[in-house]
Amino acid sequence: MDLFFEILVTALLVISGIFGFVGSYGLVKLPEPMTRLHAPTKAATLGVGSVLIASMIYFAWFNGHVSWHELLITLFIFLTAPVTGLMIAKANIFRHWSKEELPPTGAGTGWATLSDAPSLMDDGADSRLKHEGD
Amino acid sequence: MRRLFPHPYLSVLLVIIWLLLVNDFRWGSLVFGLILSILIPAFIAPYWPQRPTLRFGWKLIAYFLLVIWDIIVANIEVAKIVLFKSNRDLKPAWIAIPLELRSPEAISVLAGTITLTPGTVSCDLSECGHALLVHCLHAPDPDSVVVDIKSRYEARLMEIFS
Numbered sequence: 001m002d003l004f005f006e007i008l009v010t011a012l013l014v015i016s017g018i019f020g021f022v023g024s025y026g027l028v029k030l031p032e033p034m035t036r037l038h039a040p041t042k043a044a045t046l047g048v049g050s051v052l053i054a055s056m057i058y059f060a061w062f063n064g065h066v067s068w069h070e071l072l073i074t075l076f077i078f079l080t081a082p083v084t085g086l087m088i089a090k091a092n093i094f095r096h097w098s099k100e101e102l103p104p105t106g107a108g109t110g111w112a113t114l115s116d117a118p119s120l121m122d123d124g125a126d127s128r129l130k131h132e133g134d
Numbered sequence: 001m002r003r004l005f006p007h008p009y010l011s012v013l014l015v016i017i018w019l020l021l022v023n024d025f026r027w028g029s030l031v032f033g034l035i036l037s038i039l040i041p042a043f044i045a046p047y048w049p050q051r052p053t054l055r056f057g058w059k060l061i062a063y064f065l066l067v068i069w070d071i072i073v074a075n076i077e078v079a080k081i082v083l084f085k086s087n088r089d090l091k092p093a094w095i096a097i098p099l100e101l102r103s104p105e106a107i108s109v110l111a112g113t114i115t116l117t118p119g120t121v122s123c124d125l126s127e128c129g130h131a132l133l134v135h136c137l138h139a140p141d142p143d144s145v146v147v148d149i150k151s152r153y154e155a156r157l158m159e160i161f162s
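Chains H and Z, in that order, give the protein sequences.
Quick note: the first sequence uses the working numbering, first residue 1, plus one each step.
Quick note: the second sequence uses the working numbering, first residue 1, plus one each step.
To be clear, the hints were calculated from the coordinates, so they are not data collected in a lab.
Think of the CB as a built atom: it goes at the ideal place given N, C-alpha and C, for glycine as much as any other residue.
Do not rely on the hints blindly, as some may be mistaken.
What the hints assert, rightly or not - Chain Z side only, calculated, beta carbon under 10 angstroms to chain H, not exhaustive:
#, residue
1, Ala96
2, Gly112
3, Leu116
4, Cys136
Using the sequences and the hints given, assemble the complete structure.
This is the structure in C-alpha cells:
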C-alpha cells in the first residue's frame with residue numbers, strides 16, 4: 001500500500017512540475033502582454049493544486065496526521081488569482097488599448113476602464129445594477 | 001440577529017477558515033472563531049450593504065465540481081497550445097459577453113470562473129454592469145465561446161443566485 005501512495009504522490013508532483021513549467025514557458029513564449037497573462041494565471045490553478053493535493057496525501061498517509069492548510073491555500077489562491085488577473089488586464093487596457101480596438105459592449109455604455117465619466121460605482125453600485133436599464 | 005450577523009454565510013465561512021488555520025479542534029479556537037465571525041462582518045457591512053440571495057444545495061456543489069473538471073480539461077488544452085502552436089497560428093480575440101445576471105456577487109463568481117478556466121481571462125465590466133469583456137487565448141470562433149460561457153456557467157449561476 002505504501003508503494004501505491006508513493007506512486008500517487010510522485011505522479012501528482014510530476015504533473016504539477018509539468019504545468020508549472022508550461023506556465024512559465026508560456027510567459028516567455030507568447031507574443032503580447034494580453035496573451036502572456038493567460039499562462040501564469042493557469043499554472044497557478046492546476047500546477048499549485050496538484051502539489052497541494054500531493055502534500056495532503058503524503059502527510060495523511062506517511063505521517064499520520066491530516067493537515068488542512070493545503071485546502072486553505074487552494075481556497076485563497078482560487079480567490080486571489082482572478083483578482084490579480086483582472087487588475088493586470090485593466091492596467092494593460094488602460095495603457096495600451098483604445099476604445100475602437102475593443103469590441104462594443106452592446107449594453108449602451110462603454111467599458112468601465114476606458115470611461116470618461118466619473119465612476120458610477122461611488123454611489124451605491126448594488127441598487128444601480130438591479131434597476132438601471134433592465 | 002440581523003444586526004449581529006449581516007452576512008450569515010460569511011460568518012460560517014470565517015469560523016470554518018479559522019478552525020482550518022488552527023489545524024486542530026479546540027474549544028478555545030471555536031470561541032475565538034465565533035468572535036471573529038461577529039467582528040469582521042460588522043466591520044465590512046458598510047461596504048457590502050445588501051445580502052446576496054444564494055441557494056445552497058446540490059446545484060452549488062455540482063457547479064463547483066463542473067468548474068474543477070473544466071479547469072483540469074482546459075489546462076491540458078492551454079498547455080497544448082503553448083507547447084505545440086506557433087505564435088503565427090494563434091488567434092487571440094476580445095469578446096463581449098452580454099450578462100443576464102444582475103447580482104454583483106453572481107457577476108464576480110462568473111468573472112472568477114472565466115479567469116480560472118484556462119484560455120479565457122475576464123478583463124473588464126461595462127459601466128452599467130451589463131456586459132463582461134473577456135480575452136481569449138485562442139478563439140477561431142468567438143461566438144461559440146460566448147454561447148458556451150452563457151449556457152455552461154451563467155445559466156447555472158442564474159439558478160443558484162435567484
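Exercise for the section: Tell me if Ala96(Z) is really an interface residue toward chain H, meaning its C-beta lies closer than 10 angstroms to one of theirs. Expected result: Because about 5 angstroms separates Ala96(Z) from the closest Cβ in chain H, which is inside the 10 angstroms limit, the hint holds.
Handout entry: Cys136(Z) as an interface hint toward chain H, with CB separation required under 10 angstroms
Key = holds (9 angstroms)
Handout entry: Interface hint compliance - Gly112(Z) to chain H, C-beta minimum distance less than 10 angstroms
Key = Interface hint status for Gly112(Z): holds (4 angstroms vs cutoff 10 angstroms).
Handout entry: Hint status (Cβ of Leu116(Z) to nearest Cβ of chain H, threshold 10 angstroms)
Key = Holds - the Cβ of Leu116(Z) comes within 10 angstroms of chain H, reaching about 6 angstroms at its closest.
Of the numbered hints listed earlier, not one is contradicted by the structure.
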